[in-house]
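Given the coordinates of chain F, assemble chain Y onto it according to the supplied hints.
There are 2 protein chains.
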Amino acid sequence: MKYHQQWQARAIRPEGASDWFAAEVPGNVQHDYGHMMGWGDINIAENVTKFRETEGYTWEYRALLDYHAAADQHAVLVFEGVDYRYDVLIDGETRLEYEGMFSRTEIPLDNNAGSELIVRIHPHPKRETAEFEDRQQADQCVKPPVCYEWDWHPRMLVSGIWQDAYVQTRTDGYIARCEPFYTLSDDFSRAEIRFEVDCAEPVEITLYDPDGQIVGTGSRHTLVNPRLWWCNGQGEPALYTYTASTETHQVSGQIGLRRVRLVMNDGAWAEPFAFPKGRSVAPIQLELNGRRVFAKGSNWVNPDIYNGRIDEARYEALITLARDANMNIFRCWGGSGVNKRAFYDLCDRLGIMVWVEFPLACNNYVGTPHYLRVLEQEATAILLALRSHPSVVMYCGGNELFNNWSLMTDQSLALRLLNKLCYDLDRDRPYIMTSPVFGMGHGGYTFYDPDAKKDVFQLFQGSSCTAYTEFGVPGTSDIEDLKASIPGDELFPIRNMGSWRLHHAFGAWGAERWLCMDVLNMYAQEPLDSLEKVVAQATWLQCEGYKAVFEEARRQAPYCSMAINWCYCEPWITAAGNSLITYPVKAKPAYYAVQTALRPVMASARIPRFDWRAGERFSAELWMLNDTHKAAQMTVRASIVLAGVEYPLLTWESGEACENRIGPTINWVLPDVDATEFTLRLQAGDATSEYRLCYRRSETYAVTRQMNV
Amino acid sequence: MKYHQQWQARAIRPEGASDWFAAEVPGNVQHDYGHMMGWGDINIAENVTKFRETEGYTWEYRALLDYHAAADQHAVLVFEGVDYRYDVLIDGETRLEYEGMFSRTEIPLDNNAGSELIVRIHPHPKRETAEFEDRQQADQCVKPPVCYEWDWHPRMLVSGIWQDAYVQTRTDGYIARCEPFYTLSDDFSRAEIRFEVDCAEPVEITLYDPDGQIVGTGSRHTLVNPRLWWCNGQGEPALYTYTASTETHQVSGQIGLRRVRLVMNDGAWAEPFAFPKGRSVAPIQLELNGRRVFAKGSNWVNPDIYNGRIDEARYEALITLARDANMNIFRCWGGSGVNKRAFYDLCDRLGIMVWVEFPLACNNYVGTPHYLRVLEQEATAILLALRSHPSVVMYCGGNELFNNWSLMTDQSLALRLLNKLCYDLDRDRPYIMTSPVFGMGHGGYTFYDPDAKKDVFQLFQGSSCTAYTEFGVPGTSDIEDLKASIPGDELFPIRNMGSWRLHHAFGAWGAERWLCMDVLNMYAQEPLDSLEKVVAQATWLQCEGYKAVFEEARRQAPYCSMAINWCYCEPWITAAGNSLITYPVKAKPAYYAVQTALRPVMASARIPRFDWRAGERFSAELWMLNDTHKAAQMTVRASIVLAGVEYPLLTWESGEACENRIGPTINWVLPDVDATEFTLRLQAGDATSEYRLCYRRSETYAVTRQMNV
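So the sequence lines, in the order shown, correspond to chains F and Y.
So that you can map any letter, position 58 of the first sequence is 57 in numbering that gives the first Met the number 0, and since no number is skipped, the others follow by simple counting.
So that you can map any letter, position 273 of the second sequence is 272 in numbering that gives the first Met the number 0, and since no number is skipped, the others follow by simple counting.
Here chain F stands alone, though its shape is the one from the complex (with noise of 0.2 Å):
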């Protein structure tokens, strides 16, 4: 039995001590605090600035604890996660002292209700050596950086209760764990199932098949024939069911069975070929019962600032949209850390695979004795939570620790001891020190890449990675969250400083990211003098390059064997960014354009650049993307819309094929016509792929528009 309790929450401030005020758990006590102070939603102009005075507050969570224990029950007090250095009293004795947010911790009560329970939540880690205000404070501790400040996400210190916390009574019947593991026979056609179980009593187990047929019960189970788990877009996410009971208490879950591994990208091994030679690239193409499976999907960050306050629809909502968008993977980040329970719960049910980071990020974690013990005890925790997960296809150590933002070796200790650490508890699992790992790619994060002088289309058809695992496009907000979150005496025109500044817009990397007017301007012949072009100008650019980058990447498989964007959604209003999906789950058209992206079986062009002038040939190549594994075939019809007229240019009978296959380049001289872009468009059957790129007029005659205007 559960029991929920009442809270309050203050803050000790060095004025003097807050009054208490209603405090939600789970939650931020920032939150609530924010609601008390009357400083209204953060995600409206500058308003999350005011939390900047509370960094240094210490919290106080308060409950008088109420509940009911038999007198064969004995009471404990739960907390499935508190972030990040607490203390825990009982009628002010100190009961426990912690660091470490994600291990769930638990006190023993005596069977006494109505004491005084404080929640004590110290002032959050920052490295006193640091040499900025930003993440680096971050780096002794195993609390994700995020908060401490991203290029989309502002500086916001949350803390508190942000798992649930309860005081449960329990008897000897009490399951404290029942964990299944299993083996499944190389040829996937026989599954032994093992049931470990904590408890003083017998425990009875039965186990379902996916549609819910007992198959049988005890702590041990063969099946033969058993059905898989696959990710979406390979097959059915089945998922086996169990319950385990014993006369005062009952628990269950699901089994996912499948085999994952990361073995080596098709064609990889055959490089370096010339003396002196070094290795080869390291491994990161993910097979899924013996088939090596594309990984299409999106960097999944914290949803919320508040990390307390996501709940399980919020989850189900994101993922949903991410299953309907044809993807089977999120790259959880290791910036914003793990996740609660319902997220890989979800992840299981939907088909979508979990790339788990560690939380660390874009720091050296320097491996000190104090930081060393708090990652074991804290990644631990991490590790029994999700290795029952059939959705957790791999673990990482963190983001972009090898490079010299971060300073983190292959010697790091840290990265040493999670190596350990996965290892000893779940070796079958791949683990991957940090992201990049040898061979893959991270960015870049604009249309344009001003050091290489190439548009999207271009950087990545130079490129050969074996996984593009960040990549990003920037668009806007819409223009009602743009109404709602910049005032209305700052919207427009658009200046860097201000609310636009501070929701990223401008400043957020370089002077020009997120909005990037540079970028805009380039490709703009009119000049985007409202709102609403400017909008629709990013958001055609962030629609055609994410259609680029993602079917390039497909288009570069099997050596290739990722596509994971730089990311899905956002914890708060952006005024523009590289998320499909903004605040708290509206889709962007780039979300739509994503998802035609990632259709399984599709036509698709590689259009050597965005940008074209009139008199040039254009040329294209014709590919049928398939990462079903299943044969295909289609009929391609290859037009090009321009100034409302259609001129058809070839039609390619693709045959069939269980993997992409290659047609025909197109190629078409521009006639001058007065029009500012174009579409290509494949028809095939019913489905379209359309790409909407630039036009000009040749030279000589827009100078000679000029001089008449």
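Hints were generated in silico from the structure; no laboratory data involved.
Identical copies carry no separate label here, and so any pair may be met within one copy or between two of them.
Below, computed lysine-lysine pairings styled on DSBU-like, alpha-carbon distance capped at 35 Å:
| id | residue 1 | residue 2 |
| --- | --- | --- |
| 1 | Lys339 | Lys1 |
| 2 | Lys276 | Lys629 |
| 3 | Lys452 | Lys276 |
| 4 | Lys585 | Lys276 |
| 5 | Lys339 | Lys276 |
| 6 | Lys482 | Lys532 |
| 7 | Lys532 | Lys585 |
| 8 | Lys532 | Lys276 |
| 9 | Lys276 | Lys125 |
| 10 | Lys339 | Lys482 |
| 11 | Lys453 | Lys276 |
| 12 | Lys452 | Lys482 |
| 13 | Lys49 | Lys482 |
Frame of chain F; chain Y shown alone:
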């Protein structure tokens, strides 16, 4: 008290057991059997092939246990190492069944001497499904694969009691372990030493400084301004010593105080630059006591086919030569496993850093439960035996495992297990999964690379690796050894057959290696029509080739941090090969060439290629190489010696520098004279650097001359 036994051995053959024959312990039973059979020296002709028939034999060692245990003593039978799978029987009772040659095993005895001891050695492990009769057969065992045949090692499966074995009588005062640990303060001004001791009685420990003066007694010591252990060329390899005693037992040992790390190579954090951005290379710069040390040395392989017969004197002769050649590191190649303890003691004393590889090489060691179990046992034994040696600066999972001839990856469980064990048992020593890791290079192995169409001068000047940890230039053995090992009737003309082939002149790797007659002829202007001419030509190329690579690698510092050639010594008499020292301990001319190329401070020339023609402009950059970290300067007088005439070219004052310094480039048009070689000579005080290069007359002249012949 140790009692060594009198040993006999016999072969259990298909046709029946052999007679008992005298057996050396430590030793190899094949050696003793061959001796009994009169099969002759395995270095001569094709004698070694006679041993092929012994591969399937089971061997038995026998001794009548001879020792005396007093009433307060108990007797223990100790095996320091038995190669590879064995049973121990005492009076017919099986007391031990074991797999693994690097673990020490002990069997308690009752106190009655006179029992019959049998050590039964099983046939060599061979994976039954292996495609070829080669190293593949060894990919599910922890026996080093080299004896299954390598391109410089004949197939010769040895086994036996390869390390010491004895009966030890012990009292309660027996010291099972006395292991020192220490921490050094960040500024090296303070060392805290502590001893961990396993003994039933109190142990008295005395610590002595490197001069033999008593520092103190007890299990904890604090040293202020301790003398640090440095590698050869960087300082004194200072060793503290200790004794630990009880009334009945004493042990002693050495402690070298130093901190070693693998840090990022200088300049490597600047890479990569462009999007999509991969990771930076893996660090391979050794930092010793805070100083980045350029690692100069050689790959150490088993110096005898009979691994059991190697003794301290052999180690000492070989390691002393390395020190005298200005080397500071051995990479102990995994293919031939781990050495006896004396090797590491000597390296401690002589200041030679040791890169330890676990016994994996060029195979896919699939992580089956059996393999992982034996690997864990053996790697644990290796780590516990080596971790107190200051000379051991790093661990490596094995040789070339991440290339297509091995097919292991970062995901291979064996390498993740080794990382875990190193972390658990010796976390402050660096661990790399294999060599090469990202950024490093192995090869080439010939003077001229036919794929790249480049000689070694060109190949390495066109490369940019963080470390060159294998590269080789072949030469022949000397005339004396060739005559000793190749039968007179095969000796000349040299043909690809018989003893020449068995001793690796042909067919070792491709048809031409290692004699490389094709390459020798490329640079020969007269027919190589005698054994003496062939040897002279090969020696010339080997000497100049090795100087070219070693000096180029040093010029590429600090980005490049290691130059370690393949290989140092050889386990038998080869006809041709890349070693610097022939069997058993004979320095080749190439040894002396390398000795000059590794002088701490020296004048060096970056010569674009080996082969020059009259009328061409000869160019060479001058350098002062200095890896001492101390200020040096020199006056370099450069001249060319051609057809007996010395042409002075320039004098360069280097100025003072603590590291390498580049000087001017020599430019000089080669006159057309009657010669086939010329020498670039750099004179710096008494020291000379000379480069003997190939010279050809101009085309016109050569053609004319040819017609006149």
